[in-house]
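Read top to bottom, the protein sequences are chains A and B. For the first sequence, the numbering used here assigns the number 260 to the initial residue and increments by one for each residue that follows. For the second sequence, the numbering used here assigns the number 18 to the initial residue and increments by one for each residue that follows.
Hints in this document: simulated from the structure, not taken from any laboratory. Think of the CB as a built atom: it goes at the ideal place given N, C-alpha and C, for glycine as much as any other residue. Warning: the hint list may mix true and false statements.
Mimicking DSS-like on lysine-lysine, the simulated pairs with C-alpha atoms at most 25 angstroms apart in a straight line are [unchecked claim]:
{"#": "1", "chain 1": "B", "residue 1": "LYS75", "chain 2": "A", "residue 2": "LYS300"}
{"#": "2", "chain 1": "B", "residue 1": "LYS59", "chain 2": "A", "residue 2": "LYS300"}
{"#": "3", "chain 1": "A", "residue 1": "LYS274", "chain 2": "A", "residue 2": "LYS337"}
Residues from chain B shown here face chain A by an in silico Cβ test under 8 angstroms; the list is partial [said to hold, decoys possible]:
{"#": "4", "residue": "LYS59"}
{"#": "5", "residue": "ILE77"}
{"#": "6", "residue": "LYS119"}
{"#": "7", "residue": "PHE122"}
{"#": "8", "residue": "GLY125"}
For each label pair, taking beta carbons as the anchor points, the in silico distance ranges come out as [unchecked claim]:
{"#": "9", "chain 1": "A", "residue 1": "THR332", "chain 2": "B", "residue 2": "LEU37", "range": "37 to 47 angstroms"}
{"#": "10", "chain 1": "B", "residue 1": "HIS56", "chain 2": "A", "residue 2": "SER286", "range": "18 to 28 angstroms"}
{"#": "11", "chain 1": "A", "residue 1": "GLY287", "chain 2": "B", "residue 2": "LYS59", "range": "17 to 27 angstroms"}
{"#": "12", "chain 1": "A", "residue 1": "PRO340", "chain 2": "B", "residue 2": "SER97", "range": "48 to 58 angstroms"}
{"#": "13", "chain 1": "A", "residue 1": "LYS303", "chain 2": "B", "residue 2": "THR72", "range": "23 to 33 angstroms"}
{"#": "14", "chain 1": "B", "residue 1": "GLN62", "chain 2": "A", "residue 2": "GLY287", "range": "45 to 55 angstroms"}
{"#": "15", "chain 1": "B", "residue 1": "THR34", "chain 2": "A", "residue 2": "SER312", "range": "26 to 36 angstroms"}
{"#": "16", "chain 1": "B", "residue 1": "LEU63", "chain 2": "A", "residue 2": "SER268", "range": "18 to 28 angstroms"}
{"#": "17", "chain 1": "B", "residue 1": "GLU88", "chain 2": "A", "residue 2": "GLY299", "range": "46 to 56 angstroms"}
{"#": "18", "chain 1": "A", "residue 1": "GLY299", "chain 2": "B", "residue 2": "LYS131", "range": "21 to 31 angstroms"}
{"#": "19", "chain 1": "B", "residue 1": "THR94", "chain 2": "A", "residue 2": "GLY287", "range": "27 to 37 angstroms"}
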Amino acid sequence: EAGVTQFPSHSVIEKGQTVTLRCDPISGHDNLYWYRRVMGKEIKFLLHFVKESKQDESGMPNNRFLAERTGGTYSTLKVQPAELEDSGVYFCASSSGLGTDTQYFGPGTRLTVL
Amino acid sequence: AQSVTQLDSHVSVSEGTPVLLRCNYSSSYSPSLFWYVQHPNKGLQLLLKYTSAATLVKGINGFEAEFKKSETSFHLTKPSAHMSDAAEYFCVVSGYNTNAGKSTFGDGTTLTVKP
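If we strip away everything but chain A, and leave its shape as in the complex, we get (with noise of 0.2 angstroms):
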């Protein structure tokens, strides 16, 4: 079975530039989840997807980030326009269930804004 993928792996843009994260969960879990951790800093939770509707989106830090999971599927993470602080490691994580249920963590991809 395919674990989570991330894509890119690495992303490099300018500040004022747009970037799109792209999250492909385990199949068959309606939940998926957005994690950033931001230089020397903690990860942090973004937002919470259950299919295809947003569950929880207290985590997302501002109107630049907009999170999509259409048709409950994979699901898009878009930085529009980019800041220099948006630059971290974004994680996307699965489950099947949610609360006791283990989240499986995708490889994360690496944004870096300059």
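We have chain A; now place chain B onto it with these hints.
Same frame as chain A, now just chain B:
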């Protein structure tokens, strides 16, 4: 609300000696607790998880952790460190109700293993 504190940002041990990575948690509800490991340029891998069954949890690669409610701790241990254990380790808490599904991470502990 829930939170996690990893008490050491860096731990250094010699190969073959015991490993102890400390984690304290806070949760308003019965928590689920996890340890993940991240090797350089790799994703987060689950080592073990506690979900209100046995308080001593065994994980992969010889790691184990003990849930102590009275001390609100979930320390990770391994009897004998191997060079391949060098990585960053994260203690994570997840819970029901308002935090359902949302995981809260500790800051991470970098483990160095000396030959």
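Exercise for the section: Return the numbers of the hints above that this structure violates; sort them in rising order. Expected result: Those not satisfied are hints 1, 5, 14, 15, 17.
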